[in-house]
Amino acid sequence: MQQAIEADGLVKSYPKGVTALDGLSFEVQQGTVFGLLGPNGAGKSTAVKILTTLTRPDQGRASVAGLDVVAQPDLVRRAAGVVAQGSGVDVQATGRENLRLQGQVYGMRGRSLERRVGELLERFGLADAADRIARGYSGGMQRRLDIAMALVHDPTVLFLDEPTTGLDPEVRAEMWSEISGLAAGQGKTVLLTTHYLEEADQLAARLAIVDRGRIVAQGSPEELKRELRGDAIQVELASDGAPEQAPDGSAPSAIDGLPGIREVALEGRMLLARADDGGRAVPALLQALEAHSVAVASVRVARPSLDDVYLRYTGRTFDAAEAEAAEVSR
Amino acid sequence: MTLVRQTLYMTVRHLRELSRQPWFVGVTLVQPVIWLLLFGALFKRIVDIPGFHGHSYIAFLAPGVVVMTAMFNSAWSGMALIEDLNRGVTARFLVSPVARQALIAGRLVKEAVVVVIQSLIIVVLALIVGASFPGGPGGVAALFAVSALLGATFGGLSNGFALIMRQEEALIGAVQFIVLPLTFLSSTFLQPNLMPSWIRHVADFNPVNWAVVAGRAATSASPDWGLVASRAGFLALLLALCLAFATRAFQSYQRSV
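In the order they appear, the protein sequences are chains H and X.
Each residue of the first sequence is one higher than the last, beginning at 1 in the numbering used here.
Each residue of the second sequence is one higher than the last, beginning at 1 in the numbering used here.
Derived from the structure by calculation, the hints contain no laboratory data.
Incorrect hints may appear among the rest.
Heads up, incomplete: computed chain X residues facing chain H, CB under 7 angstroms, no partners named [to be verified]:
1. Y9
2. R13
3. L15
4. E17
5. G88
6. R92
7. L94
8. V98
9. A99
10. Q101
11. P134
12. V257
Here are a few chain X residues that face chain H, going by a calculated C-beta distance under 8 angstroms [said to hold, decoys possible]:
13. S19
14. P97
15. S252
16. R255
Chain X is nowhere near these chain H residues, computed Cβ spacing over 12 angstroms in every case [what the hints assert, rightly or not]:
17. R100
18. R214
19. A295
Just so you know, even glycine gets a beta-carbon here, dropped at the ideal spot from N, CA and C.
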């Protein structure tokens, strides 16, 4: 079956010798949400710019809806809808004028265009603000207008480049439900880039982790997390009403050697360990602690996060990579 | 046909922007009014220089001020494009099927419309302070036409620079560097027979001078329409070149993103 998006060995460097993409390859199946996850500066936006024909790759090839992005840019443009990083809203025009012009450049006209514009304004909760100048819109409203504009010509493939960056959490949650509806309800293929681990986890059926212009891991969020060595268990030890009292030094030895438990460590009052199946390991662990008369305040079992996945494949934490990117761009 | 329609859509966008801040036209008229009233008054006695044809310096100056204003204001056209670049509006259009020519041409048509509005105001003002346009309405219309051509030409140049420089400061520098010298290397302020000969020769290749010469000829008592047509032709050719240059300059921008 034909893939909705194919990128094959994309290489792109910028004049000052910055290599943005270093052999990026991935495929996106039709009708799914695919996430490109990576810190700022990993090359995600450059990939989107190439796939949406804004710029060209130095090497490699790519296609969208079976159309070559370099050889058939005009056809790609008709098949794709794009929400770029940062807004593309004309803030001196109203929401309706923005949408109307967007439709016009795709060759739409007359009553069918007006109907489509009205429909989208309604759907994205902009009907009341439709005839106000977009400069006065909130960040969330401008972003919704961006998505509405990307959809005006009913594209089969939708590119969302960091659609929720800079939005407050509530607005982000709204955006998420809208995005997941696009693939589920309307059969669109969605390529989403994000540097929010949580967002990729929530939305993407499959995702690829991008680091320094390459893909370092690929799979469903579950698959990627499963490859890690088990769940994290955190036990907070009770201090018997005397917080300053050091916790019982015997606690680690109490659980060390239990079946399925490893990497036992004590950090302050937190007893840390890993287990293949955290849920099954906890009862035995608590029993062992009780047998050693160690009092427990709380227990937490954490499934591995994409943060852990990122750390494993790139050798640094996501935050460290972000900080590094900020350093480079300065 | 598609190209014409797309250009129209873009023109509507830019004119709508202008209609929401009409005071902007007024602000851009401050300079020409100063030229016309103060400069015109200051050099009133120029008509006494032996060899000066005509009796009124204001009447001589008025077509020049119309042309100069057209160039001065259109040369800033690229500033709005830089704002669009910064806001992501241009990138949005570049990934749509809209023709690059339309993205530029829409701006140039808008500049031309603004030029005609401003020119009309300047001409009325000039009539009030005693200038006359013996060529009549037809001549004035021709003056507007060459001014609009010149405005669109400089608008094209400015947009091309904007796409290559992508920085407001750099564009401001380039515009300042170009507009005043071109004005003084033309017959805007003085008749050619009174200029130093080297300036007269440079002026022959100066598009601003083409427009001034054509505009002044068209509004004179006995217009030399051949001269007007030839200068208008040069300007049209240059406009086509500038449009092509600005359209190609998108490639420079796209390489940088």
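Results for each hint:
Satisfaction of the interface hint for Y9(X) is found here, the shortest Cβ-Cβ separation to chain H being roughly 5 angstroms, below the 7 angstroms cut-off. A hinted interface residue such as R13(X) counts as satisfied when its beta carbon comes closer than 7 angstroms to some beta carbon of chain H; here the least separation is about 6 angstroms, so the hint holds. Violation of the interface hint for L15(X) is found here, the shortest Cβ-Cβ separation to chain H being roughly 12 angstroms, above the 7 angstroms cut-off. For E17(X), the interface hint holds, the least distance from its beta-carbon to any beta-carbon of chain H being 5 angstroms, beneath 7 angstroms.
Taken as an interface hint, G88(X) checks out: its beta carbon lies about 4 angstroms from the nearest beta carbon of chain H, inside 7 angstroms. The interface hint given for R92(X) holds, since its Cβ lies 4 angstroms from the closest Cβ of chain H, which is under the 7 angstroms cut-off. The restraint placing L94(X) at the interface with chain H holds, with a minimum CB-CB distance near 6 angstroms, inside the 7 angstroms limit. Nearest Cβ of chain H to the Cβ of V98(X): about 4 angstroms, under the 7 angstroms cut. The hint holds.
Given the 7 angstroms rule on beta carbons, the hint for A99(X) is violated: about 9 angstroms separates it from the nearest Cβ of chain H. Hint on Q101(X) is violated. Least Cβ distance to chain H is approximately 13 angstroms, over the 7 angstroms limit. Because the beta carbon of P134(X) sits about 42 angstroms from the nearest beta carbon in chain H, more than 7 angstroms, this interface hint is broken. Below 7 angstroms, beta-carbon pairs count as interface contacts, and V257(X) has one with chain H at about 5 angstroms; its hint therefore holds.
Hint on S19(X) is violated. Least Cβ distance to chain H is approximately 11 angstroms, over the 8 angstroms limit. Checking P97(X) against chain H by beta carbon gives a least distance of about 5 angstroms; that is within 8 angstroms, so the hint holds. About 11 angstroms separates the beta-carbon of S252(X) from the nearest beta-carbon of chain H, more than 8 angstroms, and the hint is not met. Residue-level restraint check for R255(X) holds (minimum Cβ-Cβ distance to chain H is 7 angstroms; threshold 8 angstroms).
Listed as outside the interface, R100(H) is inconsistent with that label: its C-beta sits roughly 9 angstroms from the nearest C-beta of chain X, within the 12 angstroms cut-off. Listed as a non-interface residue, R214(H) keeps its Cβ farther than 12 angstroms from every Cβ of chain X; the least gap is roughly 21 angstroms. For A295(H), the shortest C-beta to C-beta distance to chain X comes to about 57 angstroms, beyond the 12 angstroms cut-off, and the non-interface label holds.
This entry does not satisfy hints 3, 9, 10, 11, 13, 15 and 17, going by the numbered hints stated previously.
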